[in-house]
Amino acid sequence: MWSMADVWWNRSQLIKMPTLIIDGREISVKPGATIMEAARLLGIKIPHFCYHPGLSVAGNCRMCMVEVEKMPKPVISCAMPVNEGMVVRTNSEMVQKARRGVMEFLLINHPLDCPVCDQGGECKLQDYALKYGPDQSRFQDKKRRVANHDLGPVIETEMNRCIHCTRCIRFSTEVAGVEEMGAVFRGDHMKVVPRLGQRPLSSELAGNMAEICPVGALNLKPFHFRARGWELHRAQGICPHCAVGCHVRVDHRQNSIYRIKTRKCPSINGEWLCDKGRFAYEGMVVGRLQVPMMVLEPGEGLVEVSWSQALDRVSEIIKGVKPEEVAGLAGAWGLGAEELYAFQDFLRQVVGTSHLDYRLSQKDFSADDIPLARSDLMLNTPLEAMEKADCIFLVGADPRFEMPLLNVRLRKASLDGASVWSLGTRHLLANLENLEETIVSPGEEVDFLRKVLSAMTTKRGSKAALAVGNALRKAERPVVLLGRSAVNHAQAETLRRLVVAILGKAEAVAAGWNGYNRMVAEANAAAAEDMGVVPHRGPGYRVVDRMGMNAGEILAGGKIKVLFLLGVDLENDSRVAAAIQAGTRVIFMGAFASSVAEKAQVVLPGLVHGEKSGTLTNGEGRVQRNDRVVNGPLTAKEDWRILRALSQRFARVLPYDDLKGLREAMGRADGRYDPAVVDSEKVSMACDHGAGVTQGLDPGSEAKSGVKDVGEPEMVWEPSFYRETPVTRGSPTLSRLHGGGDKGGRG
Amino acid sequence: MNPSAPIQLVFRNIHKPNSHTLPVYLEGGGYKAVTKALARTPEEVIEEVKRSGIRGRGGAGFPAGIKWSFIPRTSAKPKYLVCNADEGEPGTCKDRDILRYDPHLLIEGMIIAAFAVGAERGYIYVRGEFFLESQRVEAAIKEAYAKGYLGENIFGKGVRFDLAVHLGAGAYVCGEETALIESLEGKKGQPRVKPPFPANVGLWGGPTVINNVETLANIPNILDRGGAWYAKLGVEKSSGTKIFSVSGHCNRPGNYEVEMGISLKDLLEKFAGGVRGGWDNLKGVIPGGSSSPILARAACETVTMDYDSIARAGSMLGSGAVIVIDKSVCVVRAIARISRFYRHESCGQCTPCREGTGWLAQILTRLEAGGGRPGDIELLEELCGNISGKTICALGDAAAMPVAGAIRAFREEFVYHVEHGRCMVE
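Sequence lines, in order, name chains A and B. Just so it is clear: in the first sequence, position 197 is 197 by our numbering, and no numbers are missing. Just so it is clear: in the second sequence, position 98 is 98 by our numbering, and no numbers are missing.
Only chain A is shown next, with the shape it has when bound in the complex (with noise of 0.2 Å):
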């Protein structure tokens, strides 16, 4: 598998490596690094608070300091870089010294209030304090006191605990690249305060700041006063919520969620999570569906019936219309890939249909007489590697507020002085430096990326479109996002094709670097096309022989008379609503009673991520598990096993009954999801970012003949970041953020 760490690696091994002994061990490291990262390397810890491999150095808590030989002075380990022959000791006598030293400093002003403290036995502060700090305080003077401030529904703060160890500022500066967090006044005067003063913190990435305090000076709010660390139990998690699939660590107990914390992963989500991942299990509990419900009598309202009741009526109604008047629609946002395949296996086996989505909000759907590949749908480019892009476009991309962990990779790359370009509708709420938007009125997308094709073609054309051009053709490692707005958009295969022209004309495409990304417009869609809930493909990517009716077909109305609805969130959507009018009978499974539910025939009530061991696949195509942490409503199933015990009622039994069955016989569609596999891989590489090479039409004749584009651009729903899924929308924590004027900048 292609990495860039390998190719990085592969460079370095020019270099030669400086060895250094530390604590009589010796190591060789890459040139410049730190005595602090060598430390690492070899398992040594290094006491430090300041330091944080995920900010720049500040270099300011001065715990970290060692002894190196032929140096008069202790040293700060988390700046010093190695040099050959360097003799080190991080635990001698001079160090010890020092470090009760800096300890004894850092206490003076800390009320000492660890009874009372959040952070109290997961606190820095605390474990050092009890390894090099004084039993008793030399110290009778006045004690500094600051005010609290008021930071919004994220963060709750204790200054007085503050360390000044500046991680809060470094990170909000750097990874947040909100500027919300500084320092003012000197000395023991310091203070650390909002920038902006007294305001809400508008990052979204705010609870990574209570994340990495090491003292109890910023804390999560909702999570305030809750629990004790040490009380909790951890559980590893994929967080559900976008299409990273972040690595999260779940803290529970008594079968509830307390809090989220970021698990690191350095290939897909690094050191951070944001605020989304982090609150929306407060969600969980609120509007579930408990039990099945159905109308006993038509004109009558849903009323609660047993499971056998409800099963049987919904298979009644199946077999009252023919298969081809029954069509499936699954929101992938919430479903694991088991789910998924199950309800396609449902479908297609036992009902027999073939009319089946996911693409609730696509209005294109040209591309699937083609069909694209995998690695046409997904990001090629890995989340680590966006990182040493050096000139990005993003073509109806909004990556802040569509996948916030990639974005802080993007943000990355521009601070490192890549070039970033988007084209769009409306202005961007970016953090990316050297941004240059290109806005045009709905519609025009493809007109403008026709002219940058021909800019780089010709070498003329519009400002904009050669600025653009010219970027990408310098640009050695580019990256070009197709976000959102141009998956849904009614020219999406124009767009994507065009994108793909580009991209050859940039040479983007190459041996060791891929530029091509569509960014799949919702949490686990990338599942749903590899367990092939499209009505042109079947699980694996295999070939139907008859092609069903898309998404736009079966809501358009008419020919469908029931409506198998799985999980989906068509709050909004009007389309479902006249389809009920006109006479179409919907059955509703999934977890979250809404609108749509209530004019169900039959709801079948489900689970969510977290109550259920499920699948998720993020938007590079690695395949990951979400096990079970807590348990649902009582009489809940998994969607998988009321489908099954449906199939119970048909001709067609579908062929597993339990969770191994079920995977084993997923693995056998799609080798990506053999259990075998994803269980034993740590960070699964079922991502195809080695394929190198993107599907799409010669664009040579693709500019002459011209691919008919479909229906008219319109105004879509644009759904706010802390308010996509009814999970989002039933955390109070997302909803006071989401209230909160610019937050996310879709309030």
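In short, the hints are calculated from the structure, not lab data. Treat each hint with caution, since some may be false.
List of simulated lysine-lysine pairs, DSSO-like, C-alpha gap at most 30 Å [to be verified]:
hint, chain 1, residue 1, chain 2, residue 2
1, B, K187, A, K412
2, A, K73, B, K194
3, A, K505, A, K463
4, A, K264, A, K221
5, A, K388, B, K187
6, A, K143, A, K131
7, B, K188, A, K143
8, B, K237, A, K70
9, B, K77, A, K30
10, A, K191, A, K131
11, B, K232, B, K16
12, A, K463, A, K451
13, B, K188, A, K191
14, B, K194, A, K45
15, B, K194, A, K388
Based on the hints, put chain B in the right spot on chain A.
Relative to chain A, chain B alone:
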């Protein structure tokens, strides 16, 4: 000026009327050295300065020629020359006289330095309170530009050098070279972690030389008369002349330029008019600005004013601010005041200095007010040890050294304060 001062290099013009103007400067042989320098190669100029043995006059005493030779000859980023005119060390007022009475001497020195290191842009970072001085320097820069001494093609030699003045905003720590760079870049004046040193990564990331005003003002003389000639002045390892800013309890406080190696007693008796109340009334001398440890009278008898001699006596030459203290002074009170200054001026960035300076000041203030407790003196000594050498910049040492030094030299006064709750002097 005292007739027994045999040589005046930096102060050669300042007694003349309108010495800050270009005609007066030219009359005194100004801008001759720079033409000599520009006729040679940059390497030769650096060699000449190295030969002179001149050490930085700002306080640390690093040899200027060696500092210049650290600058890489070729660099992808522009190189810069910065003059540190943020004269903030309490007791020091020498740079101020150069800035307001002889700005052209500084400009000439800077042109030579810039040529030597290959910098095309220079900044003079002037202490915020030096308003008249900055105006004088700006006027002088204007005159130099008009004459073609500054700009794209200086002296018609195809060399480019642009010079600008930047006024600080009143922070002692901005006299630290990397804090000065941060401030110059428009950020909060906080020292940077070293390495990398400014010679490699300085202003805007480019290689940067930072020299004190007095150092640069010496350069024209060195180039004019030769490094070897300059090296003969003063004593070994402390060559040339030095301006001492004598203040405190002496009869004629002021700036005196003398050869290095003069005895402290001579400096005070022959130049500064003697100690108030006679030499016997002397209690001690702070020889190099408020950050240098105080010398008790016994040491003052023998010490000579050069880097090594003062270091041997347990203090440092620093910026050359000689503060005379007579027997009316309570050392505890004096040190408490100095300590409060450092508490106020610590940038707050790193732990030992941020917390340590505040703690020192609190203990000393309490001690002075009569609230001393047994163990306070030992605590002070230990805290000084925990600050010294453990901070990002030298401000931590600057705050700790005078306290440790005073306790070393006048321990009995501290003990008296603790035991009696009052001063033994007043």
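Of the hints stated earlier, which fail here?
none
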